[in-house]
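Asker: Sequence:
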Amino acid sequence: MTTVELAVAFASRLRRAGVAVPVENVQVFVSALTLVGLDDPELVGEAGAAAFVKRPQDIGRYWEVFGEVFGAEPVLEEAGAAPAVIGLDGPDDQEDGDGEFEADRVVRYSRAEQLRHADLAELSVEERSEALRILEAFRWESPQRRSRRLQPGGRGQIDLRRTLRRSVATLGDPVGLSRRDRGVRPRRMVFLLDISGSMASYAPALLRLAWSAGRGLAGVEVLTIGTQLTRVTPALAHLDPDRALAEAGRRIQDWSGGTRLGDSIREFTATYGSRGMARGAVVVVFSDGWDRGEPAEMTSAMGRLSRLAHRVVWVNPLAGSDTYAPLARGMAAALPFLDALVAGESVASLEEVARLICRIGGRREGSSWPGARLATVG
Numbered sequence: 001m002t003t004v005e006l007a008v009a010f011a012s013r014l015r016r017a018g019v020a021v022p023v024e025n026v027q028v029f030v031s032a033l034t035l036v037g038l039d040d041p042e043l044v045g046e047a048g049a050a051a052f053v054k055r056p057q058d059i060g061r062y063w064e065v066f067g068e069v070f071g072a073e074p075v076l077e078e079a080g081a082a083p084a085v086i087g088l089d090g091p092d093d094q095e096d097g098d099g100e101f102e103a104d105r106v107v108r109y110s111r112a113e114q115l116r117h118a119d120l121a122e123l124s125v126e127e128r129s130e131a132l133r134i135l136e137a138f139r140w141e142s143p144q145r146r147s148r149r150l151q152p153g154g155r156g157q158i159d160l161r162r163t164l165r166r167s168v169a170t171l172g173d174p175v176g177l178s179r180r181d182r183g184v185r186p187r188r189m190v191f192l193l194d195i196s197g198s199m200a201s202y203a204p205a206l207l208r209l210a211w212s213a214g215r216g217l218a219g220v221e222v223l224t225i226g227t228q229l230t231r232v233t234p235a236l237a238h239l240d241p242d243r244a245l246a247e248a249g250r251r252i253q254d255w256s257g258g259t260r261l262g263d264s265i266r267e268f269t270a271t272y273g274s275r276g277m278a279r280g281a282v283v284v285v286f287s288d289g290w291d292r293g294e295p296a297e298m299t300s301a302m303g304r305l306s307r308l309a310h311r312v313v314w315v316n317p318l319a320g321s322d323t324y325a326p327l328a329r330g331m332a333a334a335l336p337f338l339d340a341l342v343a344g345e346s347v348a349s350l351e352e353v354a355r356l357i358c359r360i361g362g363r364r365e366g367s368s369w370p371g372a373r374l375a376t377v378g
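Take the sequence shown: its position 300, counted from the start at 1, is 300 in the numbering used here, and no numbers get skipped.
Treat each hint with caution, since some may be false.
[Stated by the list, open to error] Capping the alpha-carbon separation at 25 Å, the derived lysine to any residue pairs in SDA-like fashion look like this: (1) K54 to L38; (2) K54 to L35; (3) K54 to A137.
[As the list claims (entries may be wrong)] The calculated label-pair distances, taken between Cβ atoms and stated as ranges, are: (4) T233 to D173: 34 to 40 Å; (5) E141 to P336: 27 to 33 Å; (6) V125 to E24: 42 to 48 Å; (7) I59 to R243: 34 to 40 Å; (8) A121 to P152: 50 to 56 Å; (9) E294 to S201: 50 to 56 Å; (10) R179 to Q228: 48 to 54 Å.
Since the hints were made in silico from the structure, they are not lab data.
All figures in this text were calculated on a predicted structure; none of them were measured in a lab.
Cβ atoms here follow ideal geometry from the backbone N, Cα and C, with glycine treated the same way.
Build out the structure end to end from the sequences listed, making use of the hints.
Answerer: Structure representation (structure tokens):
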């Protein structure tokens, strides 16, 4: 059982026991477990209490469930005991206005937040592994689109057949008008992931994010681009993210190779895209824009892709720099056909990208993207 599965199962047991556990707190607990590990039950219990217990009346039930799940005895304060004094691990946090005091327990700053905002290319192997686990727990919200199929609704055109059928009960007098309107369906999302040598530091995180999207959304397609186009959607269908990425790695033949983005995108639009995969979809290209092909090839491919898709979003890890300018010839050729160009160099920026692409998936009109760099391009 993975850390995420363990956290979800624990949260479910707490809810059944009557503890109010918000969904977003599960991700907090997962982040805490990546730091404290599972070897020390006391640390695990304290991490869970900090993440899940928000009401005094839930403390007893929390520790009961914790003992059932983790096999540890509840750690409860004795009746009438003096409350513990909590101190922060900082030079100025051990003294208040009335004098000095000694903390019974020191709370240290968690590095989870540091990992979320650090550039993935600058993390160590261990830190990058922790950052990937945070991405696994991201909760997606499915973007919706209007369907052509009509269904009963309070607005829209009058449904004459249903109106007449209902009027039978009132002797032919149409007391109320029945109406029908277009329903909604999940919008397809397509990820095109650059796995060339220049993106080697970010590719595992992008595949992990795509795996997470496949768990939370319907109609997600994932393809890798480099010197060739590879569809890895079936490989990422595994429930275990490590197995999913290992299977995807076996299918990708051009990992950390060269870059021919224009050729790969042209092949996508000519095959999968024109057959329906890209039609009306949100297409997200993860790439730094370096391309060895001709700019004219990129221009032609992106022009066709923009006509097929509902929105085209380009996520560039280099765009997080204040001095970045889209001068690489592949990036410059693609720029006129993009709905947005945003940064994606860290876990935090990738989480923001995920929220934004879900938000724009539901409408065509322009929108403000707070926190996103180089948001509106056209």
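Asker: Starting from the hint 34 to 40 Å, judge whether the C-beta atoms of I59 and R243 obey it.
Answerer: holds (38 Å)
Asker: Could one say that the CB atoms of T233 and D173 fall in the range 34 to 40 Å?
Answerer: Violated, since T233 and D173 (Cβ atoms, about 55 Å apart) do not stay within the stated range.
Asker: Should the hint that A121 and P152 are 50 to 56 Å apart at their CB atoms be regarded as holding?
Answerer: holds (53 Å)
Asker: Evaluate the given range 27 to 33 Å for the C-beta pair formed by E141 and P336.
Answerer: holds (30 Å)
Asker: Tell me if the beta carbons of R179 and Q228 are separated by a distance inside 48 to 54 Å.
Answerer: holds (51 Å)
Asker: Does the structure keep K54 and L35 at a Cα separation of 25 Å or less?
Answerer: Roughly 21 Å between the alpha carbons, so the hint for K54 and L35 holds.
Asker: Measure nothing beyond the straight line between the CA atoms of K54 and L38; if it is 25 Å or shorter, mark the hint as holding.
Answerer: Between K54 and L38 the Cα gap is close to 22 Å, so the pair holds against 25 Å.
Asker: Just tell me: holds or violated, for the beta carbon distance of E294 and S201 against 50 to 56 Å?
Answerer: Check failed, 27 Å falls outside 50 to 56 Å.
Asker: With a cut-off of 25 Å on the C-alpha distance, tell me whether K54 and A137 pass.
Answerer: holds (21 Å)
Asker: Take a look at whether the Cβ-Cβ distance between V125 and E24 falls inside 42 to 48 Å.
Answerer: violated (28 Å)
Of the numbered hints listed earlier, those contradicted by the structure are 4, 6, 9.
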